[in-house]
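J.: Okay, here's what each chain looks like letter by letter:
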Amino acid sequence: MKVDRRTFLAGSLGLAAGAATTALLAKPKYHVIRRRARSRVAILSAGSYSENLEQILRHGLELFHLDIRGKPVLLKPNLVDYVPGNHINTHPLLVSAAAECFHRLGAKTVLVGEGPGHQRDTELVLIESGFADQLRQQRVPFVDLNRDELVERPLLANYTGMKSFWLPRTIVESDFVVSMPKVKAHHWSGVTLSMKNMFGVVPGAKYGWPKNILHWKGIQESILDICATVPVHFVIADAIVAMEGNGPLNGDARPLNRIILADDPVAADATCARLMGFDPDRIVHIRAGAQFLGNCSTSRIDQLAEPVCLPEMPFQTVPEFEYLRVNNHLDGLT
Amino acid sequence: MYDPQRAKHLCSEQLIARQLPQGGWPFNSNAKQSAVEPTALALLALSSNSVRERDAAIRFLLHIQNPNGSWPAFVGDDGEGSGFTGLVLYVLNCCGVGGKADDRAIRWLLHSRGWESHWLWKWKFRTTDRHVRFDPDKFGWPWMPETVSWVVPTSYSLLALKNCIPGSQEDLLQFRIRRGVEMLYDRTCPQGGWNAGNGVVYGRPLAPHPDATAIALLALRGEPANHLVTASLDWLERRAQVCSAPWSLAWTILALNAFRRATQPLINRLTAVVQSDEINDGATLAVVSMALTCASGLNAFGVHS
Chain A
1 MKVDRRTFLA
11 GSLGLAAGAA
21 TTALLAKPKY
31 HVIRRRARSR
41 VAILSAGSYS
51 ENLEQILRHG
61 LELFHLDIRG
71 KPVLLKPNLV
81 DYVPGNHINT
91 HPLLVSAAAE
101 CFHRLGAKTV
111 LVGEGPGHQR
121 DTELVLIESG
131 FADQLRQQRV
141 PFVDLNRDEL
151 VERPLLANYT
161 GMKSFWLPRT
171 IVESDFVVSM
181 PKVKAHHWSG
191 VTLSMKNMFG
201 VVPGAKYGWP
211 KNILHWKGIQ
221 ESILDICATV
231 PVHFVIADAI
241 VAMEGNGPLN
251 GDARPLNRII
261 LADDPVAADA
271 TCARLMGFDP
281 DRIVHIRAGA
291 QFLGNCSTSR
301 IDQLAEPVCL
311 PEMPFQTVPE
321 FEYLRVNNHL
331 DGLT
Chain B
1 MYDPQRAKHL
11 CSEQLIARQL
21 PQGGWPFNSN
31 AKQSAVEPTA
41 LALLALSSNS
51 VRERDAAIRF
61 LLHIQNPNGS
71 WPAFVGDDGE
81 GSGFTGLVLY
91 VLNCCGVGGK
101 ADDRAIRWLL
111 HSRGWESHWL
121 WKWKFRTTDR
131 HVRFDPDKFG
141 WPWMPETVSW
151 VVPTSYSLLA
161 LKNCIPGSQE
171 DLLQFRIRRG
181 VEMLYDRTCP
191 QGGWNAGNGV
201 VYGRPLAPHP
211 DATAIALLAL
221 RGEPANHLVT
231 ASLDWLERRA
241 QVCSAPWSLA
251 WTILALNAFR
261 RATQPLINRL
271 TAVVQSDEIN
281 DGATLAVVSM
291 ALTCASGLNA
301 FGVHS
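Going down the list, the sequences are from chains A and B. Sequential numbering from 1 applies to the first sequence in the working numbering. Sequential numbering from 1 applies to the second sequence in the working numbering.
Next comes chain B alone, as it looks inside the complex (with noise of 0.2 Å):
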C-alpha cells in the first residue's frame, strides 16, 4: 500500500540531505554546482519545521542575486539574468522575504521583455517570418536576454508579480502582467494546453505539454474563467491519465488541485513512482515533494483545499 505521507517524508529527506555546503541544491544528485530552479523549487518544498535548510537556501539565493536585480541560472552564471528570475522572486515572496533585494527583482521584471516587443522584430514577425503563428504584441519573457518570450518564465513572472506589493510602478507592473496573460492565451495549442511556445508552426499544431501547461495555468490562476483555461485543464486531466514521469505528473497534480479537480489517483500513482524509485534530479524531488502535500489539502502555490 503506498502511502502520499511517507513518500512526501521521504522526499523532504532526500531533498536535506542534498542541499550543499553553501545552502542552494543541484539539479543533478551527484553534481556540486548549485543551480536556482531546484534551489527555489526546494525552498518552497521545505516544511516551514526545516528552519535551518530554509535560512541557508534564503541567504543562498539573496547572496547570488545579480546586481541587476536578477538571479542567475546557476553559480558561476554571468550576471545578464535569467527565465528563472521570476520563480526566486515568488518563492522569497512565499517565505516572507521583502525588502531591496525584492524591490529590485521586481524593477528588473518589469524591464525584462521578450524581443518580439521590439518594433524592429515585431515588424520582422508580422512581414518576413510569420511560420509560428503568434502575436507579437503580446509578449512575456524570454528564458534569457535578447531572445523572445516563452511560456516557463513569462509564467514564473507571472507567479511572482501577481504576488508582490506594488510599489512606485503600480501602473507598469499591471501593463505587464496584463501583457503576460495575454501572451499565454496567445499561445495556445489549438487542442488546449501549452508547449514551451509554439502552439502552431508551419500551419500544424504542435502538441502540448504537460509541465508547461500545469505552470501556465498556476499563474493564471484568478484570471475571469475562459474557454482557454477551460480546455487546457480538459487536455492535461486527459494526458494525465497515461503519464507516469515524476516531474510532469507531479506539475500536473499541483495545477489540477489548484483548479480543483481531482487529483487522488495521480497522488496514488506519484506516491508508487516515488516509492519504487529514487529521483536523481534535484528539481523533480522538490515538485513530487510539494505535489505529495497536496494529499494533505495544502498546495504550495498558494491554494489550501
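The shape of chain A in the complex, shown without the other chains (with noise of 0.2 Å):
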C-alpha cells in the first residue's frame, strides 16, 4: 500500500486525535448524566430557504410529541457575523419559523438569545444578517447573551480545569433551551453544531471577544463543560445550506437541503457528522459526550422521518481535520 505525504499527516492526525479522546474518555469528569436510553432524530427535506419552512418544521416536531406548554423557550441561534454571499449564520427564516411553531405549541415566552464571539456590535449582525427585520416583525424578542446579567453557576463537568462559569441569567432560567446551529465545519473543532454553538452562551462581557480562555482551555474540553452545565432540550440544525472547508467564517456554501431535528444534542452532532461524510466517532466532543451527555450510536438513535444519507463526497475540511472525513466505501459508517 503506497502512503503519500497526505495520507501519512491524515493518518498521523487521526492517530493524535485518537490519542487525546483516549485520554479525554480516560476518567469520567462529568457530575450530571443526561443520556437516555434512546434518543430521537429526524432528518427533514427542504429544498431552499424560500419553502414554507413552518409547516416542514411543524411536522418535523409533531414527530416528538413535546410538551412546552407554559414552559419559556430559549431559541439560540449560530450568529458569528456577517460577510455578504457568505452561509455563516442560522438562517432568520429558520428561527422565525422555529419561534412561531413554539409559540403554537403552548410555549409561555420565546425569545432568541446569542453571544457572538467575533463581533462586539451583536445589533450590527442583527441587522445586517436579516436578523433584526425578522424577529421585530414577529415581535419575538432578541437577548444579547454577551451583555446579559450573569450568574455564577457551578460547572457540572470537568473537562477545562474551570471550576464555575458566568452564565447570562436568560439561560440559567429558561427552560427549554434550544440549540439552533448551523452546520458547518470548523477550522479549530472540526465541526460546530448544536454543542459548539453553545459557546455563544458564555457572555463576552466577562470573557471577552472573542472568548479566549474557552480555546486556552481547551475547545473540546470546554464543549463538553459547557454542555454540561446548560442543558440543551432540543435541537434544530439547518443544513439547508450548510458550509464546508476554512468555516467557521471563510468557508464554502455546501448545500445538503436538510433540517435536522433532535432531542439529544450529542444525537443530533453525530447524525450531522454522518451527513457531512464525518465519522462522529472521531470528532472528540462527541466521542466524550456520548458518555454522558447523549448517544452518538446508530443503534441508540431512533431515526424519524428520512434516514441518514451519505454524501458522495465528504465535506472539504481544512488539513488538520481530515481525518474525520470517511471514505464510505472503505471505513464504512457505524
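Hints in this document: simulated from the structure, not taken from any laboratory. Hints are not guaranteed to be accurate.
[What the hints assert, rightly or not] As a list, the in silico SDA-like pairs of lysine to any residue whose alpha-carbon atoms are at most 20 Å apart:
1) K122/B <-> S164/A
2) K32/B <-> R153/A
3) K217/A <-> T298/A
4) K124/B <-> I127/A
5) K163/A <-> K138/B
6) K138/B <-> W121/B
7) K100/B <-> H131/B
8) K138/B <-> E182/B
9) K217/A <-> F125/B
10) K163/A <-> D78/B
11) K162/B <-> G98/B
12) K32/B <-> V151/A
13) K217/A <-> R130/B
14) K217/A <-> K138/B
15) K32/B <-> R169/A
16) K124/B <-> I219/A
17) K122/B <-> W216/A
18) K217/A <-> D129/B
19) K217/A <-> H118/B
20) K162/B <-> H111/B
Since the model is a prediction, treat every value here as computed from it, not as a measurement.
Combine both chains into one complex, guided by the hints.
T.: This is the structure we're talking about:
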C-alpha cells in the first residue's frame, strides 16, 4: 500500500486525535448524566429557504410530541458575523419559523438569544443578516447574551479545570433551550454543530471577544463543560445550506437541503456529522459527550422522517481535520 | 427634521434615568447588575452639569476597583482584572481623578500582558500554531488574564497609558505603549481596519469591524501618519455608508471626527436612529450620546474640532 505524505499526515492527526480522545475518556469528569436510553432524530427535507419552513418544522416537531406548554423557550441560533454572500449564520427564516412553531405549541414565551464570539456589535449582525427585521415583524424579543446580567454557576463537568462559569441570567432561567446551529466545518474544532453552538452562551462581557479562555482551556473540553452545565433540550440544525472547508467564517457553501431535529444534542451532532461524511467517533467532543450527554451510536438513535444519507463526497475541511472524513467505500459508518 | 442636540439631550436623560442606586450602569436597561464598560462610557458621556450622577459614578468605580489595581468586568466578578481596566483609568483621568487608585491601575496595566509575550507561547505560535497571522513579539493586553492580546483591550489600555502622568516606571510605560502600538499595526486586516484581532486565518483575510477599527484608531491618535492608519480610516468611511447599527455608527463618528474627517451625514443618520427607536443597551446609549456631541464640535476622546 502506497502511503503519500498527505495520507501519512492525515493518519498521524487521526492517531493524535484518537490519543486525545482516549485521554479525555480515560477518567469520567462529569457530575451529571443526561444520556437517555434512546434518542430521537428527524431529518427533514427542505429544498431552499423560500419553502414553507414553518410547515416543514411543524410536521417535524409533531414527531417528537413535545410538551412545552407554559414553558419559557430560548432559541439559540448561531450568529457569528455578517459577511455578504457567506452562509455563516443560522438562517433568520428558519429561526422565525421555529419561533412560530413553539408559540403554537403553547410556550409561555419564546426568546431568541445569542452572544457572538467575534463581533462585539451584535445589533450590527442582527440588522445586516436580516434577523432584526424578521424578529421585529414577529415581535420575538432578542437577548444579547454577551451583555446580559450574569449569574455564577458551578460546572457540572470538569474537562477544562475551571470550577464555574458566569452565565447569562436568560439562559439560566430558560426551561427549554433549543440549540439552532448552522451545520459547518470549523477550522479549530472540526465541526460546529449543536454542542459547539453553545459557546454563544458564554458571555463576552466577562470572557471577551473572542472568548479566548475557552480556546486556552481546550475547545473540545470547553464544549463538554458548557453542555454539561447548560442543558440543550432540543436541536434544530440548519443544513439547508451548510458550510465546508475553512469554517466558521470563510468556508464554502454546501447545500444539504436538510433540517435536523433531535431531542439530544449528541445524537443531533452525530447525525449531522454523518450527513457531512464525517465519522462522529473521531470528533472528540461527540465521542466524549456520548458517555454522559447523549447518544452517538446509531443503535441508540430512533431515526424519524428520512434516513441518514451519506454524501457522495465528504465535506472539505482544513488539513488538520481531514481524518474526520470517511471514505464511504473503505471505512463504512457506525 | 432630526436635531442632534435634541437627540443628545434625550440620550442624556435616558442615561441619568438608568443609573443604578450604587452609581453604576447596567448593559441592559432592565438589569440591576452594574457593569464596568457602560459605567465608564456613561461617565464620559455625561456633561459636567450632571454633577451628582458623575460623582456617584466615580465613587462607584473607585469602590469596585480590585485590590490589585485592576477593574472587574461587572459587580460580583472575580478580582483578577478585566480588559476594561484601561477604559476606566482613561475615563477617571479625563474626570480629573488621580491619586492612589490611578497609580495602582497604572501599575497593573504595566504588568498585564497577552500570553503570547511569554517565551513558551511565543515558541508555540512560531512553530506549531501558525494558522493565525501575527507576530507574538508584538503584544498588548488581553480581555482576561492567561489569554492573548486583543485589539479592544489593547486600545483601551493605550488610551489610558498615553494620557497618564508618567511615574517612576517611565521606561516601562514607554515600552508598553510602543509594543501596544506595534501590536495594533501587526493585527490590521489586509484591507485596513481591525476586527477582534485576527486579520488573516488559514491564509484567508477576515473582515474588519467598525467598532474595533474606530477604537483602535482613537488609541493610535498622535502616532506618526502611515498607510495603515490611512487605509483604516478609508475603510471606516466606506463601511459607514451602509452602517445603521448605533454602537458601530457612534464609534465610527468619534474616530472619524478625531481624525478630522467628515461626519455630519453620519451624525444625521445616528440622530434619526436615536429618535426613531429607544436604545436598550447602556453602553451603546453612552457612546451614541458622545458621538452626537461631535455635532457641536466636542469629542469626548480628547479632540476639540
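J.: Work down the list of hints and note, for each, if the structure agrees.
T.: Evaluated hints:
no. : hint              : in the structure
1   : K122/B <-> S164/A : violated (29 Å)
2   : K32/B <-> R153/A  : holds (18 Å)
3   : K217/A <-> T298/A : violated (31 Å)
4   : K124/B <-> I127/A : violated (39 Å)
5   : K163/A <-> K138/B : violated (32 Å)
6   : K138/B <-> W121/B : holds (13 Å)
7   : K100/B <-> H131/B : violated (43 Å)
8   : K138/B <-> E182/B : holds (6 Å)
9   : K217/A <-> F125/B : holds (16 Å)
10  : K163/A <-> D78/B  : holds (13 Å)
11  : K162/B <-> G98/B  : holds (15 Å)
12  : K32/B <-> V151/A  : holds (12 Å)
13  : K217/A <-> R130/B : holds (18 Å)
14  : K217/A <-> K138/B : violated (23 Å)
15  : K32/B <-> R169/A  : holds (11 Å)
16  : K124/B <-> I219/A : holds (17 Å)
17  : K122/B <-> W216/A : holds (14 Å)
18  : K217/A <-> D129/B : holds (15 Å)
19  : K217/A <-> H118/B : holds (17 Å)
20  : K162/B <-> H111/B : holds (16 Å)
Going through the hint list in order, the structure does not satisfy hints 1, 3, 4, 5, 7 and 14.
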